[in-house]
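First to last, the protein sequences are chains C and S.
First residue of the first sequence: 0, per numbering that gives the first Met the number 0; consecutive thereafter.
First residue of the second sequence: 0, per numbering that gives the first Met the number 0; consecutive thereafter.
Derived by calculation from the structure, the hints in this document are not laboratory data.
Built from N, CA and C at the ideal position, the CB exists for glycine as well.
It is possible that part of the hints are untrue.
Computed beta-carbon distance windows for the label pairs [as the list claims (entries may be wrong)]:
| hint | chain 1 | residue 1 | chain 2 | residue 2 | range |
| --- | --- | --- | --- | --- | --- |
| 1 | S | N39 | C | N56 | 54 to 62 Å |
| 2 | C | A185 | S | Q22 | 30 to 38 Å |
| 3 | S | D51 | C | D182 | 32 to 40 Å |
| 4 | S | D51 | C | G374 | 47 to 55 Å |
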Amino acid sequence: MKQQELIPHLFRTEYRKIVSVLCKRFGFDQLETAEDIAADTFLAASQTWPYKGIPQNPVAWLYFVAKNKAKNHLQRNLVFENKVSDELRISSGETYETEIDLSPQNINDSQLQMMFAICQPSIPPEAQIGLSLRILCGFGIEEIADAFLSNKETINKRLFRAKEKLREGNVKIEFPGPAEINDRLATVLTTLYLLFNEGYYSCSQDTTIRKDLCDEAMRLCTMLVENKLSGKPEVNALLALMCFQASRFDARIDQNGELVLYDDQDINLWDSGLISKGAYFLNCATTGNSLSKYHIQAAIAYWGTQKADTPEKWESVLQLYNQLLQIEYSPIAALNRTYALSKTVGKEAAIIEAEKLKLTNNHFYYALLGELYTGIDNDIARQHFQKALSLSRTQPDKRTIRKKIDSL
Amino acid sequence: MDEYALIMRHEDGSKIASPEQMQEWMKQTMDWIGGIAAQNKFVGGTGLLFADAKVVHHNKVVTDGPFGEIKETIGGFITVRAESIEEAAEFAKGCPVLGGEGNTMEVRRIAKK
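Here chain S stands alone, though its shape is the one from the complex (with noise of 0.2 Å):
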């Protein structure tokens, strides 16, 4: 069995929704997560806040940002082990950032140590 990157893009929820709605979003990412590990396929994860981030650049200029206003950014990844990328692809549409349009989850062996 291999291990796969799940790797949540969306915009930074915290500009768009109420407090209540962001917890109501937490408790179904817990949900989710959860029905994972329930499956013993949970590996690890983490979420990535939007405040306070810098970006670096190719000439070690520091900026501020990513500020989360694009879909594409990157809130958060989990690990899970499955049989096939088909497998992890399944686990990846019970996310319920996919109730926003637009955003996305990219799936992604991860190399072999």
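Isolated chain C (complex conformation) (with noise of 0.2 Å):
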């Protein structure tokens, strides 16, 4: 790897991993410390890697001087400490190691439990997700502005403002006990969803970004799988249903960056790889008697990788749709069930059923209205989409739309 390509790479793979352990080591008081130690170490490769050469172990040289640097850090707050408060000292009992762990394991061990400190039902949903992209991700200001569609100051106002709810929490990073782990892990797994979904289905024009946002998600749920205190079935489930979707990610987006639909899309750019590890992590998630809404929909995303139309496919869809609302309802769900509906019972029926629904603010609703009505009246049809297409507020959905118009 050129030298170019080098730094943003390792940026990108170690910058997370130094402030999850100085992070850890320092407590959340000192988040800002963790991160501008690790961005000086960075810096300092920067400056020193294109004069003295690319170091043999790039990733050693940079935890070497990130110690170096949390090493003179500890070593100034102790002087401070000695000088001007060593009876605090000697009361508190507080021992002053200064060695920097940074093994596999307590990296590891480290991103993990930041994951849970980072995933507190006291912070907002969308802070949570760009505090995760932040830290556990190595994503830039800049780079998670663009995937929320909004400005630098924002993402900084709310990350500024998730770290202070962490600072007054006095949020430990560590593992949840046994009673409390499988509330935290349901957060946990709600902010890597939507981590996920950002990227599936945001907005953003930027494909790279988006399926960046996929694969952390993805990243960070394998993490959760293979430790042996959070790999739950419902966590298997998550990946199963990520993997799933995710093997789509290229099928659906055209060169220009149009949305494909799902039936115009080409089978063969379907990720084989990614559906087979999908049906393995589902295997996974058999485990054990619970069964949650990642499983539900994880089985709905595995029908989702069988192109024939089937009655037996519309059928457990359906049936799945049905479950799934039940635990929890949503009206995208509401509005997938009479889909599957319709490919059950006929479009009649499912007419009947999709009026009763009532989501008049939102444009699905209507696209699905006007689906339902294609062939049976167009005229129809046409209102429903062109209510649909006036609800409607991002430029892929508007043209999607429009092509349905022109179609009837």
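Put the two chains together into one complex; each comes in its own frame, and the hints tell you how they fit.
See the structure below:
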């Protein structure tokens, strides 16, 4: 790898590890210090390597420099504490071990513990995602702003407030105890799921960033799966869901960045490796007797990998949506359930059910009605598509709906 | 919006129908519930098994039963959110047990907690 590619690459993979380890070592009140040290380390690399050449083991070099900077920081604190607050130190009985542990085990543990620390119910979900992207994924503020279709100031403010909350709440960077692991895991999974969806359904035109978000969500979920404490069935189910969905990533966007609808997708562009990976994790998810919303969604996503329009497929999907809606209602699940219904009982019967949903501020609702009326009463279908068009906010959505109207 | 219990009264289906027919009824029931859940009006509910049931009488004598041999036996219930008892009754109309002659649905508003 060339030098100009190497440092950004290492930044993506190593920055987050250094920050997690240092932050865990220093505590959340010194998160900025941890970030500064990690950033300084990369600055040192970009200033030194062009002149002295790339070190033989660049990662070890980074760790060595980060360790020294961290030790210096701890030493400075130690001097301050000795001079200014000696008695305080003795009475609190704290030790001043300055060694920094950058072993693979501690890196892995620190990142997982950081995941639990960030995913706090006290922080708004979008701030959790922002912090995760920054600390766990090593994203720059600008990249996060792009992903959220926002600007740097807004993201900085959002992250600042979230960090304040973590400090005020005195959040510890540690694994939750066995009694709370399930509750805490639920918050982590929600955040990872949102992170994935942010990439998969994002309005951002930048395909690379969108794919990165999906990859990062899958990487973090894989870390959870591989850990004994957190590798529970619903975590495997979520990873299976992500694999099945991600398998269509390349097929659903064409060269011009346009959305390709499911029916028009080229199966040859589906990633069969990810599909088998999904099947593997779905199988792992069946140990135990828990049936989470992720299990059901993974099963639905599995049927999404079977393109053939068989009665068995749609009957299974309908039953899965029936189950999912009983666990957790969402407008999109209600609409998808009604679409599956139309595939099993026909459009006329599904129209009656669809009109009961009354999701009158949702453009997908009118798009579904348009779809169901197509071929039954094209005038009504057109009216619904027009309504969908006026409610939709993104250009890709508008283009998709216009195509539907044109083909009536 | 209030919550209502929709109580299914019917005889034990397993005594009058094949397993395949039972499965079809189960699917219809799931589609009925799914339709209510899709309107975000489903709260909860369950079927009640006839096998191994007991009745405890006023003198605390315990007997076997009910056996589901009469059409008034409770076979299950669901709770829904509805604007009115009429809307709740509309939901009840969709329940597949009403396909059996003599079976009924009872609609009752749930007392405030």
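Do the hints match the structure? See the list:
no.	hint	in the structure
1	S:N39 x C:N56: 54 to 62 Å	holds (57 Å)
2	C:A185 x S:Q22: 30 to 38 Å	holds (33 Å)
3	S:D51 x C:D182: 32 to 40 Å	holds (35 Å)
4	S:D51 x C:G374: 47 to 55 Å	holds (51 Å)
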